[in-house]
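Asker: Once you have looked at the hints, place chain X on chain A.
The listed protein sequences derive, respectively, from chains A and X.
Okay, so the first sequence: first residue is 4 according to my numbering, each after it adds one.
Okay, so the second sequence: first residue is 4 according to my numbering, each after it adds one.
Some clues are possibly wrong.
Put simply, identical chains are the same to the list, so a pair is met inside one copy or across any two.
Said to hold, decoys possible - In silico lysine-lysine, BS3-like type, Cα no more than 30 Å apart, as pairs:
| # | residue 1 | residue 2 |
| --- | --- | --- |
| 1 | 35 | 65 |
| 2 | 330 | 189 |
| 3 | 27 | 128 |
| 4 | 48 | 65 |
| 5 | 128 | 30 |
To be clear, the hints were calculated from the coordinates, so they are not data collected in a lab.
There are 2 protein chains.
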Amino acid sequence: MRDFTYYAPTKVHFGRDKHKDVGKIIKEYGFKTIMMQYGMSSIKKSGLYDEVMTSLNEAGIKVVEMGGVEPNPNINFVRNAIKVARENNVEMILAVGGGSVIDSCKYTAAGVNYDGDVWDFPTRKAFVENGLPIGCILTLAAAGSEMSSSAVITNSELNMKRGFNSEYNRCLFAICNPELTYSVSKYQTACGIVDIMAHTMERYFIPCEPTELTDRIAESILKSVINAGKTLMANPCDYEARATMMWASSLSHNDLTGCGRENSLPVHQLEHALSGEYENIAHGAGLAVLFPAWAEYVYKCDISRFAQFARRVWDVDETDDTTAAEKGIKEMSDFFAEIGMPTKLRDFDIPESCLDKLSELCTFGRSREIATYVSLDFDKIKEIFKMCY
Amino acid sequence: MRDFTYYAPTKVHFGRDKHKDVGKIIKEYGFKTIMMQYGMSSIKKSGLYDEVMTSLNEAGIKVVEMGGVEPNPNINFVRNAIKVARENNVEMILAVGGGSVIDSCKYTAAGVNYDGDVWDFPTRKAFVENGLPIGCILTLAAAGSEMSSSAVITNSELNMKRGFNSEYNRCLFAICNPELTYSVSKYQTACGIVDIMAHTMERYFIPCEPTELTDRIAESILKSVINAGKTLMANPCDYEARATMMWASSLSHNDLTGCGRENSLPVHQLEHALSGEYENIAHGAGLAVLFPAWAEYVYKCDISRFAQFARRVWDVDETDDTTAAEKGIKEMSDFFAEIGMPTKLRDFDIPESCLDKLSELCTFGRSREIATYVSLDFDKIKEIFKMCY
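Chain A with its partners taken away, still in its complex shape:
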């Protein structure tokens, strides 16, 4: 086990109707003026918007609204939100939505008290020193942003999707009502399942000393999410399965699954190039295509671990490690297909000629390699993209 720091201070209010307490919760912290960000019109159609506003109004909280956060949230929206937040002396930022809205709020919160441009944070030109507090009402179980220290943003002028980690990115509180995800489509639910699994598996498959407890917790999350996913494909309104998925989303990415291990999320880095270049590709769908290809590319570097994954997560009953490992990857790939995810890059209707471009983006113009079992340079990354084209 490697040395680690674990710090997941987000207060999670989990359960039915919890979003109706948002005004009371914020009032207890003493905030009087907040900015509320949300995505498109869905929260208005569902009635969530009205319930949240009622709770905030009853608590006497002044709300500055910023609707219209896009999937793959954009830095220009954030720059504008920062301006508005400053003009209104906003004290905290409330996200009502999924990972995109939360990440948009994280960048906004990071930028309000910073004189430069927020793009400085993902490019490591600056570090957050005085971020505003963030809270969220979660409507999508996927990104795990509600408890994580990371935040990803798209810069469409530069055609880049980048992230950064900071303790300021941890939500002060997260309100998690699984019922709010009943209306999430099967496709988006499947994308969420893949994202949660990927957050867990990325930390599981890293060259490292033994970490039995962290391994077993990761396997617990994977098994539970796989079962929940199967249930939800048949019954999208199964409370227990939605709850399992929502809690797994938080635990998969709040660092619990990485305690004592390295942390580099290589497949996420491949995928950020993909959905950064093609904004209509959902992050989870991109991961579903890339993860099995990446696994096939690297598994021979750590046969016993991939075999453990196969046996413990997929119940592969096979004594030979190599065969077990291969069967485990196949099970994962089959599961992604079973829940309706694409299996090949060509399913996204993008040309094979994109492989060079994607590999350029991944390596920041051939200027970096991605650390995993083998350090991935331009050629190796292109090979992985090609395997899943």
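Answerer: Only chain X this time, still in chain A's reference frame:
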């Protein structure tokens, strides 16, 4: 899954030599004067005391020392510590030790800004409203007090051992260096294993809705701790096993293993009567005797759950649920014996006549019942004590 609030904000600094950063860590919070509590002379013999003092001195932190916290910490010590803390305008309390020292610090921190007597907290006459912050350097993996919201104290005049929960009881930070536990005796190590398992199993065995993810995480902790325990009986200086045990201690009792479930810790309540009455009985040893008896008393109320426990935790390969459940309890009991724990109350050399007294204490003089699968009144509690005499 039931609604829950999860809030485990303790910052954990985990790994080799981390205690040498204590001065730097405290300085970053801005505290200038602290009280440091510790137990007996062992931290002086081991050199830990000197290393901690060096780090604190280098950071320019004024230290008010209170050595001599006893196992089963005593309220009179705390009352005195509160007086000393007030006289010295102490800003935070640092525990260097195990659960006893941490709990003593929790009571001290709770009492400094409270006008009444600290015994008011465990008796629910008052609630903490302005506690001092607490930090710890952990030297024993067992109680999980480093991340928990609970604190237990002994009032020897009243012959009572009582606890209370409060968010103020959460440590601000916990420094967890597994190497500091190398010198813990086999007996105390085994007591710690039982305590960690009990914290996990208490939350696992409660009548409740399904909670697949929480179940699996609990099982992960149990399996890892059992394996670590077996390793440590053979090699007390195995870093990975000590690290597993230390991290499991924190996770078992920081509420993660109870998310979505009820929380009443019935066996702990039986045990607090035991080690409250007989202060030479180690808490873990008391639990080792009581847990199998309690399980035998209640398992028929939840056969399928006890069968799941047997199969997933103890690898019991048995299709019949009742047989599996019984084998699981036997495995647990055998494991406790294997690591050198007592199996019967009589092993503590206490007379059978104590059973009435213990049952009186448990029920606060027949004035309460303990909630579990069946509500335990005086007669039922006595029956359980009798089963394990």
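Asker: Against this structure, judge whether each hint is valid.
Answerer: To see whether the hints hold, each was checked on the structure:
{"no.": "1", "hint": "35 - 65", "in the structure": "within (6 Å within a copy, 38 Å between copies)"}
{"no.": "2", "hint": "330 - 189", "in the structure": "within (26 Å within a copy, 42 Å between copies)"}
{"no.": "3", "hint": "27 - 128", "in the structure": "between (38 Å within a copy, 26 Å between copies)"}
{"no.": "4", "hint": "48 - 65", "in the structure": "within (23 Å within a copy, 59 Å between copies)"}
{"no.": "5", "hint": "128 - 30", "in the structure": "between (35 Å within a copy, 27 Å between copies)"}
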